[in-house]
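Colleague: What follows is the residue order along each chain.
2 protein chains.
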Amino acid sequence: MGTQKTVGEFGEFALIRRISEILGLNSKEVIVGLGDDAAVVNLPNRPLVITTDTMIETVHFRREWGSASELAVKSLASNMSDLAAKCAEPAYCLVTLGLSPETPIAWVEEFYQTLARLRSEWGVEVIGGDTVRSSQLLISITALGYQIPLHPIENRTARIGDRILVTGTVGDAAAGLEILQNRAPKESVSDVDTFLIRRFQQPTPRFREAMRMIETTTPTSMTDISDGLARDLPKLCHASGVGARIHPQRLPCSLALKDYARERAALYAWKGGEDYELLFTLPPSETDRLIGCWDDPHCPLTVIGEITSPASGIVLTDWNEPSIEGFDHFRS
Amino acid sequence: MGTQKTVGEFGEFALIRRISEILGLNSKEVIVGLGDDAAVVNLPNRPLVITTDTMIETVHFRREWGSASELAVKSLASNMSDLAAKCAEPAYCLVTLGLSPETPIAWVEEFYQTLARLRSEWGVEVIGGDTVRSSQLLISITALGYQIPLHPIENRTARIGDRILVTGTVGDAAAGLEILQNRAPKESVSDVDTFLIRRFQQPTPRFREAMRMIETTTPTSMTDISDGLARDLPKLCHASGVGARIHPQRLPCSLALKDYARERAALYAWKGGEDYELLFTLPPSETDRLIGCWDDPHCPLTVIGEITSPASGIVLTDWNEPSIEGFDHFRS
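Here the protein sequences come in this chain order: A and B. Per our numbering, residue 1 is the first one in the first sequence, and the count goes up by one each step. Per our numbering, residue 1 is the first one in the second sequence, and the count goes up by one each step.
Worth flagging that the hints you see were computed from the coordinates, not collected in a lab. Any given hint could turn out to be false.
Since the list gives no way to pick one copy over another, a pair counts as held whenever it fits inside one copy or between any two copies.
[Unchecked claim] Straight-line distance between alpha carbons at most 16 Å, and here's what the computed EDC-like set of lysine to aspartate or glutamate pairs gives:
1) Lys5 to Glu102
2) Lys5 to Glu110
3) Lys5 to Glu109
Remember, it's a predicted structure, so these values are computed and weren't measured experimentally.
Please put together the full structure from these sequences, using the hints given.
Modeller: The structure is reproduced here in structure tokens:
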């Protein structure tokens with residue numbers, strides 16, 4: 001207190017750490033509390049996972065980049081992805097929309113029609129929410145899901161020697177965002193660009209993959225990649241009190257990303273956010289066992305590095321870029 | 001679809017109705033779903049109540065009107081009030097803050113220090129949330145509470161002949177807001193004004209009163225008064241398919257409000273919002289029984305009218321004001 005430091009000077013990590021300090025420890029009923037992407041509370045036989053995510057116009061998206069339907073997919077997907085990282089089956093959500101009086105009703109209808117479609121596709125019931133007046137379009141969703149018992153998954157229990165894995169491909173969404181930012185209005189885009197834009201606008205939350213994973217093994221730690229590997233991996237390592245060594249040449253990049261970014265593909269894969277893939281850790285033997293029986297061609301699993309001692313920090317092998325740091329929402 | 005009508009032309013009621021139509025019926029596990037202020041889902045022996053409320057700078061408040069601590073109280077109170085209306089004991093909440101990089105850390109610290117204090121006072125644990133970048137300060141809270149079993153309370157089960165009651169006094173918050181809007185910066189205020197401003201900035205959620213109430217009886221319907229009686233009563237009547245007759249001279253007004261508004265006190269009591277008192281209905285015999293044993297001098301219960309047939313609509317006896325309509329967030 002007393003200091004006139006600002007949120008921008010503090011940065012996101014320090015801010016979240018400070019909030020956790022002020023609020024202190026959670027009660028015994030809380031299995032996972034502050035400092036994780038989703039909370040877990042202990043209900044009889046059924047741990048309940050709760051998560052919330054907010055998207056604001058001009059900060060997180062521009063309306064001209066996509067339809068109401070695409071925004072509905074994206075905002076719900078970011079919450080489903082947090083449930084997936086806790087191996088929770090989606091159950092309910094509350095949806096808050098901040099709208100200006102000038103918003104066409106047709107826009108709102110398209111948004112909710114998409115949520116109605118996703119309800120059956122993703123098994124998530126809209127049970128409430130709020131509509132508020134706002135000059136910037138605002139979408140805030142809270143989602144609840146039931147965690148499969150006996151699989152308590154957190155982002156803070158990675159162990160030295162564990163392998164680091166990711167689902168799918170990374171870096172696509174960042175490339176898609178860049179294309180949207182740079183293209184002229186109504187400019188036509190190539191098939192490659194369309195794929196990357198789609199990955200940014202309509203990500204696939206990996207909750208089915210998470211469920212399939214725990215039929216074979218239980219990750220020692222897991223998070224989704226919403227802020228990019230360069231931020232989400234250090235966060236997981238910090239929470240677990242460990243370091244990590246990453247092999248950038250192993251980062252799984254899509255053919256579209258390689259075509260778009262060429263030799264810089266690994267940079268997109270490391271620093272880019274909003275892929276909503278899962279980042280998780282497993283002991284070597286469990287890694288072999290899981291990969292040995294993983295037969296999903298649409299969502300490969302890739303070992304990208306190893307957990308090391310905390311003193312080593314985060315190391316990227318053969319990394320020629322000037323920095324390994326990711327994007328800070330408050331500092332940029 | 002096809003129409004280019006806007007949210008402002010539609011108004012809040014029609015918008016919420018349209019959203020409910022699109023999303024359709026909820027599943028069997030959902031006891032109370034869309035169209036209510038809070039949702040109730042069926043967990044083993046413990047119905048869980050979930051609610052969410054969002055406040056946005058310039059739309060819902062101005063930063064110069066109050067401290068971070070006052071905003072923390074108010075934003076959490078609005079959620080606790082929704083839990084109270086479902087007779088639910090507060091348990092958890094998720095807090096999302098939208099901040100600009102220029103926000104002083106001291107502001108954020110004061111906000112969370114107040115939440116830490118309320119945690120023990122109101123019994124609500126902060127288990128998660130989100131911090132996002134936003135040009136306007138934004139506070140969005142989702143709260144969860146356990147409903148006392150065997151007391152399923154909704155806003156849609158009022159019956160013809162029921163008495164209509166409110167807790168505490170109404171209209172104070174609207175007067176407090178008016179004082180804040182009209183006073184010059186640093187202008188000193190009277191004790192009366194201080195009381196009214198405090199009622200606007202630091203409302204008392206009535207969850208303890210709701211718990212005490214169900215020791216004696218179960219309301220046939222209940223909601224909190226967040227948008228004002230003039231909006232919340234028609235909403236409750238619409239949901240229940242009934243009408244109502246209100247006696248404005250019976251509306252419970254504080255001495256401070258009477259001093260401030262004189263002969264217009266009933267107008268503030270009817271149209272003013274954000275009192276966060278409870279509005280509920282009971283059969284006449286149950287009303288007598290509850291009032292007969294109610295001994296809380298800090299929070300009186302007052303009968304303000306009766307539920308009538310739907311054909312009668314909403315009627316105010318001896319009402320000399322030009323309109324009975326309340327404030328629409330999107331139309332104003």
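Colleague: Output the indices of the hints that this structure fails to meet, ascending.
Modeller: none
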